[in-house]
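Engineer: Spelled out, the chains give:
2 protein chains.
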Amino acid sequence: MARIRLTLCYDGTAYHGWQVQPNAVTVQQVLQDAIERITGVRSGVTGCSRTDAGVHARMFCCAFDTASPLRGDKLCNALNAVLPRDVAVYEAEEVDEAFHPRYDAKGKRYVYHLHNGRHRDPFAEGYAWHVRWPLDEQALDRAAKDLIGTHDFAAFCAAGSSVEDTVRTVSHAAVTREGDRVTFSVEADGFLYNMVRIMVGTLHDMAAGKLPYDAIPAILQSGDRAAAGVTAPPHGLCLERVFYEERKGG
Amino acid sequence: MARIRLTLCYDGTAYHGWQVQPNAVTVQQVLQDAIERITGVRSGVTGCSRTDAGVHARMFCCAFDTASPLRGDKLCNALNAVLPRDVAVYEAEEVDEAFHPRYDAKGKRYVYHLHNGRHRDPFAEGYAWHVRWPLDEQALDRAAKDLIGTHDFAAFCAAGSSVEDTVRTVSHAAVTREGDRVTFSVEADGFLYNMVRIMVGTLHDMAAGKLPYDAIPAILQSGDRAAAGVTAPPHGLCLERVFYEERKGG
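Residue numbers (our numbering), protein chains in the order written: chain A, 673 to 922; chain B, 673 to 922.
Calculated directly from the structure, the hints in this document are not laboratory data. Among the hints, erroneous ones may be present.
[Stated by the list, open to error] Derived lysine to any residue pairs resembling SDA-like cross-links, with alpha carbons at most 25 angstroms apart:
no., chain 1, residue 1, chain 2, residue 2
1, A, K746, B, A796
2, A, K746, B, D793
3, A, K746, B, F795
4, A, K778, B, Y865
5, A, K746, B, K746
6, A, K746, B, K817
7, B, K746, A, W805
8, A, K746, B, T848
9, A, K746, B, D852
10, A, K778, B, H802
11, A, K817, A, E797
12, B, K746, A, R804
13, B, K746, A, R790
14, B, K746, A, P806
15, A, K746, B, Q704
16, B, K778, A, H802
17, B, K817, A, R849
18, A, K882, B, D852
19, B, K778, A, L807
20, B, K746, A, H772
21, B, K746, A, E797
22, B, K746, A, K817
23, B, K817, B, E797
24, B, K817, B, D793
25, B, K746, A, L807
26, A, K746, B, G789
27, A, K746, B, H844
28, B, K882, A, W805
29, A, K746, B, D818
30, B, K746, A, G789
[To be verified] Stretches of chain B that chain A covers, calculated by requiring three or more beta carbons in the stretch to come under 8 angstroms of a beta carbon on chain A:
no., stretch
31, 760-774
32, 790-801
33, 871-885
[What the hints assert, rightly or not] Partial pick of chain A residues on the chain B-facing surface, computed with a CB cut under 7 angstroms:
no., residue
34, R757
35, R792
36, P794
For every residue, glycine included, the Cβ atom is placed at its ideal position computed from N, Cα and C.
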């Protein structure tokens, strides 16, 4: 038996997130189905995170154990031939048997796209949150900078989450614009449940005049989910990259 | 009655092209349905071009006559509320009653996207032609420059087309790369049937070693469709812009 790390990319539109659940199609399930078709054996696949329904991933890492001798492009091509067209495997390599995609991740980068135009963009459906009033990306970028650093992000964690340690270190946070496309990007050593979507919802509420642009320090200080903004919808969110010790693929 | 010019954008994946046809859903049909729902009257809509099944449009122009007093954003919002999510109207303005979207067009710009990576990109499915071997975008850009000028493009017209005058003026042709995304863009005063897709197929055949990179002058000279390359698949093609006298929206 050997442990294989897969690097994949998926359009999450049609999926109820990563994790297998009853009565819903998930990415983990279609991947386990594909591995079973290729290797003849059902293998459990462990992911680097549990993305929500409708969330996308440009780079997602997962691992499974197999006796199959297939590696690299041969395994990628075999899996891609049987996977649905909205999921693709880019790399497949043997790793140390102690490797764990979630516990060994040193950090992640997410991006969140907003379509900021009067009318909807047919090509952004499912990939960007449509906000019709003009967003001031420079003011939002300055506001986002207050997220950087080691803070208790309890206020940016979905109510009801059972995680105990809510301190995380955000190393990058920025808002940029290209035409009607406004993008929030954030990098941290770890993310709490709904953390990026609540960050985006908070920036959104600033642009809507519901929160001042300098609100983030006080929200962090409060530790109160109710002090932050709305939870942005899932379809604008994309897991962009997962970093490991050697910053694999970085 | 007044003539209204609509500027729209659509993801062509689900459509059998622009033009109404029996037993297939087309963009013209869903737009005429939407106009009828808003105005209460069935109006014929004339388009600027007949895009093929699966082809997209970032900016498509069409016109219809109506007694409705709705204009501008009010008409856009009313139409967008009833149109499917893969079609959106951006502008709606009253134009001269002699305006014709096809005959009055001074030029068009198309882009064609290729995904040039070993494995497929789930986000490019339906929007880019997947070519696995490495494309030399600089050699292709130099080759594409041979398309520029006033030429008889008969060799770049689908066999069986009934058009008589096959002379067109190409004012811009370029191949660029951004990561795995290679894009061919071309601007001309008019396009023959399948002209852009045959141009792309010809560049593709150069990259595949089936045609030399300097083949275009001889292909143009021949006037022979068989001398050019394959017809690239429709889903990589997007009508990017239509130019009118005032270069509306340009």
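Engineer: Evaluate each hint against the coordinates.
Structural biologist: These are the hints, each one checked on the structure:
1. At roughly 22 angstroms between alpha-carbon atoms, A/K746 and B/A796 fall within 25 angstroms of each other, so this suggested pair holds.
2. Our distance criterion of 25 angstroms between C-alpha atoms is met by A/K746 and B/D793, whose separation comes to about 17 angstroms.
3. About 22 angstroms separates the Cα atoms of A/K746 and B/F795, which keeps this hinted pair within 25 angstroms; it holds.
4. A threshold of 25 angstroms between alpha carbons decides the hint, and for A/K778 with B/Y865 the separation of about 53 angstroms lies outside it, so the pair is violated.
5. The hinted pair formed by A/K746 and B/K746 fails the criterion: a straight-line CA distance of about 55 angstroms is larger than 25 angstroms.
6. Annotation: proposed proximity of A/K746 to B/K817 is violated, straight-line Cα distance about 38 angstroms (limit 25 angstroms).
7. For a cut-off of 25 angstroms, the pair hint linking B/K746 to A/W805 stands: about 16 angstroms separates their Cα positions.
8. For the proposed pair A/K746 and B/T848, the alpha carbon gap of about 30 angstroms is over 25 angstroms, so the pair is violated.
9. For the given pair, A/K746 sits about 20 angstroms from B/D852 by alpha-carbon distance, which is consistent with the 25 angstroms threshold.
10. The straight-line distance between the Cα atoms of A/K778 and B/H802 is roughly 33 angstroms, outside the 25 angstroms bound, and the hint therefore fails.
11. At most 25 angstroms may separate the alpha-carbon atoms for a hinted pair to count; A/K817 and A/E797 exceed this at roughly 28 angstroms.
12. Simply put, B/K746 and A/R804 have alpha-carbon atoms about 15 angstroms apart, close enough for the 25 angstroms limit, and the pair holds.
13. Between B/K746 and A/R790 the alpha-carbon distance is near 11 angstroms, which keeps this suggested pair within the 25 angstroms criterion.
14. Between B/K746 and A/P806 the alpha-carbon distance is near 18 angstroms, which keeps this suggested pair within the 25 angstroms criterion.
15. For a cut-off of 25 angstroms, the pair hint linking A/K746 to B/Q704 is broken: about 49 angstroms separates their Cα positions.
16. Taking the CA atoms of B/K778 and A/H802, the gap is about 33 angstroms. The hint is violated against a cut of 25 angstroms.
17. With a CA separation close to 32 angstroms, the supplied pair B/K817 and A/R849 exceeds the 25 angstroms bound.
18. With a C-alpha separation of about 41 angstroms, the suggested pair A/K882 and B/D852 falls outside the 25 angstroms cut-off, and the hint is violated.
19. Between B/K778 and A/L807 the CA atoms are separated by roughly 35 angstroms; this puts the pair beyond 25 angstroms, and the hint is violated.
20. Restraint check for B/K746 and A/H772: the C-alpha separation of about 54 angstroms exceeds 25 angstroms, so the hint is violated.
21. Distance restraint check for B/K746 and A/E797: the Cα-Cα separation of roughly 22 angstroms lies within the 25 angstroms cut-off, and the hinted pair is therefore satisfied.
22. Pair hint B/K746 plus A/K817 does not hold up; C-alpha atoms about 38 angstroms apart against a cutoff of 25 angstroms.
23. This hinted pair does not check out: B/K817 and B/E797 have alpha carbons roughly 28 angstroms apart, beyond 25 angstroms.
24. Using a Cα cut-off of 25 angstroms, the hinted pair B/K817 and B/D793 is violated, with the two alpha carbons roughly 29 angstroms apart.
25. Under the criterion of a C-alpha separation no larger than 25 angstroms, the hint pairing B/K746 with A/L807 is consistent with the structure, at around 22 angstroms.
26. Among the hinted pairs, A/K746 with B/G789 is consistent with the structure: their alpha-carbon atoms are about 15 angstroms apart, no more than 25 angstroms.
27. A C-alpha spacing of about 41 angstroms is found between A/K746 and B/H844, which places the hinted pair above 25 angstroms, so the restraint is violated.
28. In summary, the hint linking B/K882 to A/W805 is not supported, as the alpha carbons are separated by about 51 angstroms, beyond the 25 angstroms threshold.
29. Note on A/K746 and B/D818: the hinted pairing is violated, with a Cα-Cα distance of about 39 angstroms set against a maximum of 25 angstroms.
30. Restraint check for B/K746 and A/G789: the C-alpha separation of about 15 angstroms stays at or below 25 angstroms, so the hint holds.
31. Counting residues of the stretch 760-774 of chain B whose beta-carbon sits less than 8 angstroms from any beta-carbon of chain A gives 3, enough to reach three: the coverage restraint holds.
32. Under the rule that three or more residues need a Cβ within less than 8 angstroms of chain A, the assignment of the stretch 790-801 of chain B holds, with 8 such residues.
33. Interface restraint, the stretch 871-885 of chain B with chain A: violated (0 residues with C-beta to C-beta distance below 8 angstroms; minimum three).
34. Look at A/R757: its Cβ gets to within about 5 angstroms of chain B, closer than 7 angstroms, so that hint holds up.
35. This hint holds: A/R792 has a C-beta 5 angstroms from the nearest C-beta of chain B, less than the 7 angstroms allowed.
36. At about 4 angstroms, the closest approach between the beta carbon of A/P794 and any beta carbon in chain B falls short of 7 angstroms, and the interface hint on this residue holds.
Of the numbered hints listed earlier, those contradicted by the structure are 4, 5, 6, 8, 10, 11, 15, 16, 17, 18, 19, 20, 22, 23, 24, 27, 28, 29, 33.
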